[in-house]
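Asks: Listed below, chain by chain, are the residues.
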Amino acid sequence: MPPDPTHQPAPQADPTRIRLATLLAESARLRHASLDLRKLDDPRRRPAPAATERAGLELTQLLSAAEREAERLEEVLMVLPCSLATIRQTELAYAAAEATGTLTPSADGEHPGLLVLRFPSAEGSEDSRNEVHRAVFAETDAYTLHATAAAAFRGDPGLRIERLSGLRAELLLVVRPTPGPDTEDLRRRIADGEPVLLAARAPRAQAHRRIAALRRLLLRWESSQLPLLNLFNPEPRSWGDAQALNVGDEAAEWRVLAPTETTAREFVRKAVGSPDFALLAAPPGPARQRAAAELALQCLRRHQRVLVAAADGAELATLLAAVRAQPDAAQLAAPLRLLAEGEAAEPRDPTPDFAGRVAELQRAGAASLKRDEAERLALDAANLVVGTFAGLARHPMLRPANLARDAADFDQLIVLGADRLAFRDFLPFAVHAAKWTLVGAADGAPGEPTRAELATLAADEAERAGRFAELQAELAYKACVGKDGSAEDEDAGLADVHGRRKVLLVLETPGDEARSLAAAAQHLRQRQLNVATCLAADADAATWAAPADEVNVVATTRACVERTDLLARLSTDFRLVVTDAPAAVLAPLAARMQAPKTRGKAAQPRPLITLSWSLRAADNLRGIHVHRDDDGARGEHARALLLDLRSIFPFEKPLWEPRALLELKERVLTSAFGTLQAGVRADTGAGRSELAYHSGLPRPGSLASRTEVLR
Amino acid sequence: MTPRLPTLRLRRALTLRWLETSACVQLPVAHGEWPPLLRLAAERVRAGGALAPEDVSSHLHPLPYAAAAAWLEQGTRRGMLLRTGTPRNPTYVPSPLGAAAAKLGLALEEKQGLFRFAVTDEPLLASAPVLHVEERREAGAGEATPLETRLAHDAGAFGRSVLQPDRPFAVTRTADVARVLPATQELTLELELAPDDQGPFRLRLFAPRKEGKGDKAAPGVDVRLTSPTQRRPDQGYADLLALVLASGEAPRELSAGLSAPFASLPTEARLSFRLRHQQPFSVHLRVPGQFDLGVFEIEPIDVALVPRAEDVDAWGLWLQVRALGGERTAAAAAKAGEAARQKIPAYRPRSLHELAAALAQQPASGPPDAGRAALLEAYDLLLWEDAP
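Taken in order, these protein sequences are the chains called A and B. Positions 170 to 880 (our numbering) are the ones given, in order, by the first sequence. Positions 7 to 394 (our numbering) are the ones given, in order, by the second sequence.
Hint data in this document are derived by calculation from the structure and do not stem from the laboratory. Please note: incorrect hints may appear among the correct ones.
To be verified - What the simulated footprint calls covered on chain B by chain A, stretch by stretch (three residues with Cβ under 8 Å from a Cβ of chain A suffice, anywhere in the stretch; the number is not a length):
#1 111-122
#2 343-352
Stated by the list, open to error - Below, in silico cross-link-like pairs of lysine to any residue (SDA-like), each with a Cα-Cα straight-line distance of 25 Å or less:
#3 B:Lys109 with A:Leu355
#4 B:Lys341 with A:Glu308
#5 B:Lys117 with A:Pro274
#6 B:Lys117 with B:Pro129
#7 A:Lys539 with B:Leu46
#8 A:Lys539 with B:Glu116
#9 A:Lys539 with B:Leu358
#10 B:Lys341 with A:Ala536
#11 B:Lys341 with A:Arg471
#12 A:Lys539 with B:Arg173
#13 B:Lys109 with A:Pro521
#14 B:Lys109 with B:Pro93
#15 B:Lys341 with A:Leu572
#16 A:Lys539 with A:Ala756
#17 B:Lys117 with A:Ser196
#18 B:Lys349 with A:Arg237
#19 B:Lys109 with A:Ala536
#20 B:Lys117 with A:Ala701
#21 B:Lys117 with A:Glu308
Unchecked claim - Chain A side only, calculated, beta carbon under 7 Å to chain B, not exhaustive:
#22 Arg188
#23 Glu195
#24 Ala197
#25 Leu232
#26 Glu236
#27 Glu267
#28 Ala268
#29 Thr271
#30 Ala502
#31 Gly534
#32 Ala536
#33 Glu542
#34 Leu546
#35 Ala550
#36 Pro776
Don't be surprised by glycine CBs; every beta carbon is placed ideally from N, CA and C.
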């Protein structure tokens, strides 16, 4: 494999930092081990210094990948179809906004000048919901509405709207449109309930949080972050055995767990006793909520500060209810909940939320406080800070402006549903805590990245390797000759007498358009196809409505179809479209396909058949990841992935090695829980095996001293 | 009359070395939510109590008990408060560093990272050798060698930066290796001993300014530091002055004590009532078994002289005779007597006849009887409290 030009050498760790961390870790170990002095001199429990060159190298690579991703996001626009909400939804959204004080209550429940938007296409799938959450409940609150996807992607002025509030669970958005003379038509369309397209800048805060966490680990790590660094250290012996803690007087000290819940109790012993991390494999349900509540209470009893992150807000509410049910809860626990944008707390949950506590501190009290002071005070005066993953991201320490500040000193991070949190998104939370306890199901998968995002990441990797145009062209070739691996009957009727289908190739070209198009056309011509290329300058030609019969592939670029009316005129023979651009871009062609001219007969639907290399790669990568324990299904996806990476003519020649994609899979798809079970590092070796070699975790014996399985 | 004794200024050079290592340092930050709490805690301590979580709720912020307790606990983590009371009913008092920060309206935060320390081997600053600390982002060049100097403060102790006197800090932990920066800095340490000083003494540090750089008129660094050298509580200015005077290096008139005989006082001192010594000299201030302040250079000394009652006559007589000059008239004697009385109010001016008789009694020359003619005795200088 050629050396990566963007590769940077890992910075040398400062020896004074290593020595200080070692001394502090030894002090912490002695304090910890004093629980059982017999185990003090056990060499197996003595961890070795963790900061190594290999760990630094690993982190450097992750950091440069994260920086690339953030850089790419600078230009990304997310376009989502939306429409006016129903009356019921509107009332609901207004009521929620009035309850939080965002809107002044009105007598008739009306708010003239405001709109409530819904995202009907996202209601069905979790992936689409996540996409909407990412786009509209992010750090930016200004969007534009457009009539067409092309206008949205082009970044036309459109109707500017500002988010006032929203309901995350119901996917409703209360917005205030900025009046403008040119948008009357669009406003009428919205009022008529027609779908419009919302364009939003891709959120970048999350990417910046990842970068900040990696930089912190690489350059400014503290002794409390040694275990986290150790995860990147390939030497498994650097972990000592954890020591399960005897909780004390069994009858008096256990708060939630009954004596029969032996596994859960053992987990709590391990989690309290472990110097670094503990895992509980458990499906969602009351059993794991009780175990987590017990752990939180045991930590609070030891004057520790606990941060609880959960995939599901309801699970948090249960945990808080269990804590509140304790007789000494008023003395022991000072909870504070961070709510995500558009997230509503349970109606009967008395846990103060962050924004409310800050407002109260500023309003009442003898000492007047500025906002940042009140925020710090609210967080300092809480020993149990809880939130969903999106909610905790609003912690002031995770705001972009504060990312370079010192870490917040939580003693324990408990992640409920750690199988649904990607490891790279776990790091920004984990750097603020000395220990982490992950509770998750063994077979879960993180909701992020979404399918579209993963596809973009895969495309980005291909582009970086300089193979993207060829890969798209090769897929067009496979589609043309009917060997694209899709369902046999789907495009069976399209083939001509030579068994060739007419294909429209809409190239996604992040770089030089003409060069990519030329490379793709060259690739196809080498395979003896007739290719007609169309750049923006050629789009006006009348021939596109009826191209010559022998043309197999019309190759164009995304920019061309966005900026011209090519798709409104192109022959509808080109139903098979190979593109990595979003489907919305093809809407003009799709609309013509769906309304064929028929006389007196019911029209047969003739939908577009779209093939996308990056979406296929994304689906296969996710398939390999999800079916990691099922050899058969995983093999299917691996074969499909490899098929898309090789040229089938004139002989099966690999166009691109899968290594970068498999590394991408390891980097973005593995959950925090999966990572701590299996390791962070992925080394696919020089071959193209998709097997990942993991290290960086304790040896099995040491791992067992930190893990418990609850069935 | 009490003699007005000199303010001694003792000077010596001081070398500042720079060390760079990773450390945990409690540093002041401008977080406005903490000072009111620290002031409240200080009030409670003055009233003989300690701060309880309930006080926060009732006097400062609308927080429930557990939230207030969590906040106070954060104060102990950051070195501002100390926990007292029982585990069930904890109470809190400000730590010495917390109190110092509160006086400046600041809060504290513990930072773990790379720091540069300005340290000195000056024995006067033996227990507070860190004169300045600054955070660094990137490690400097050079090998890390074992750290010889102890940089961490003892529990409860803290330091102040000589460059930023309003930034107290406490070093809680350092690595056991450090990089020694090649550049050192020469400073001048000045110990000022005023007659009413009983310690702690005032130390000033001067950084000599380079020619052509900065504003030359700007004053040097002026810091008051507490001398950590162990002294007996009753040892004050007088002991140190006595040591200075007893030094072999001291000029003769000083080493004989400021109780030099009137006859040996130079004419200038007799006229101006000031004893000036223009040349600086070196003194080793050391009392075996008690303290060793090391060698100092003493600045020119200027002592105001005040005649004792029994010496008033001799001095006044000398002044009157000198004022009389060669004139031998009763009016001139009266005028000269008045001039002498102006300088020594207790002196009774003599008539011309009495002057003549007095002068006739004095020996023409030669050393006077030391016990008799001394104008100033040691106990006048308050060298010993139980002076006769």
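Asks: Each hint should be assessed against the structure and marked as holding or not.
Replies: Here's how the hints hold up against the structure:
no., hint, in the structure
1, 111-122, "holds (count 5)"
2, 343-352, "violated (count 0)"
3, B:Lys109 with A:Leu355, "violated (62 Å)"
4, B:Lys341 with A:Glu308, "violated (95 Å)"
5, B:Lys117 with A:Pro274, "violated (46 Å)"
6, B:Lys117 with B:Pro129, "violated (29 Å)"
7, A:Lys539 with B:Leu46, "holds (19 Å)"
8, A:Lys539 with B:Glu116, "holds (22 Å)"
9, A:Lys539 with B:Leu358, "violated (85 Å)"
10, B:Lys341 with A:Ala536, "violated (73 Å)"
11, B:Lys341 with A:Arg471, "violated (90 Å)"
12, A:Lys539 with B:Arg173, "holds (23 Å)"
13, B:Lys109 with A:Pro521, "violated (33 Å)"
14, B:Lys109 with B:Pro93, "violated (29 Å)"
15, B:Lys341 with A:Leu572, "violated (86 Å)"
16, A:Lys539 with A:Ala756, "violated (51 Å)"
17, B:Lys117 with A:Ser196, "holds (17 Å)"
18, B:Lys349 with A:Arg237, "violated (89 Å)"
19, B:Lys109 with A:Ala536, "holds (17 Å)"
20, B:Lys117 with A:Ala701, "violated (64 Å)"
21, B:Lys117 with A:Glu308, "violated (29 Å)"
22, Arg188, "holds (4 Å)"
23, Glu195, "violated (11 Å)"
24, Ala197, "violated (12 Å)"
25, Leu232, "violated (17 Å)"
26, Glu236, "violated (19 Å)"
27, Glu267, "violated (24 Å)"
28, Ala268, "violated (21 Å)"
29, Thr271, "violated (23 Å)"
30, Ala502, "holds (6 Å)"
31, Gly534, "holds (4 Å)"
32, Ala536, "holds (4 Å)"
33, Glu542, "holds (4 Å)"
34, Leu546, "holds (4 Å)"
35, Ala550, "holds (4 Å)"
36, Pro776, "violated (58 Å)"
Of the hints listed earlier, those the structure fails to meet are numbers 2, 3, 4, 5, 6, 9, 10, 11, 13, 14, 15, 16, 18, 20, 21, 23, 24, 25, 26, 27, 28, 29 and 36, in rising order.
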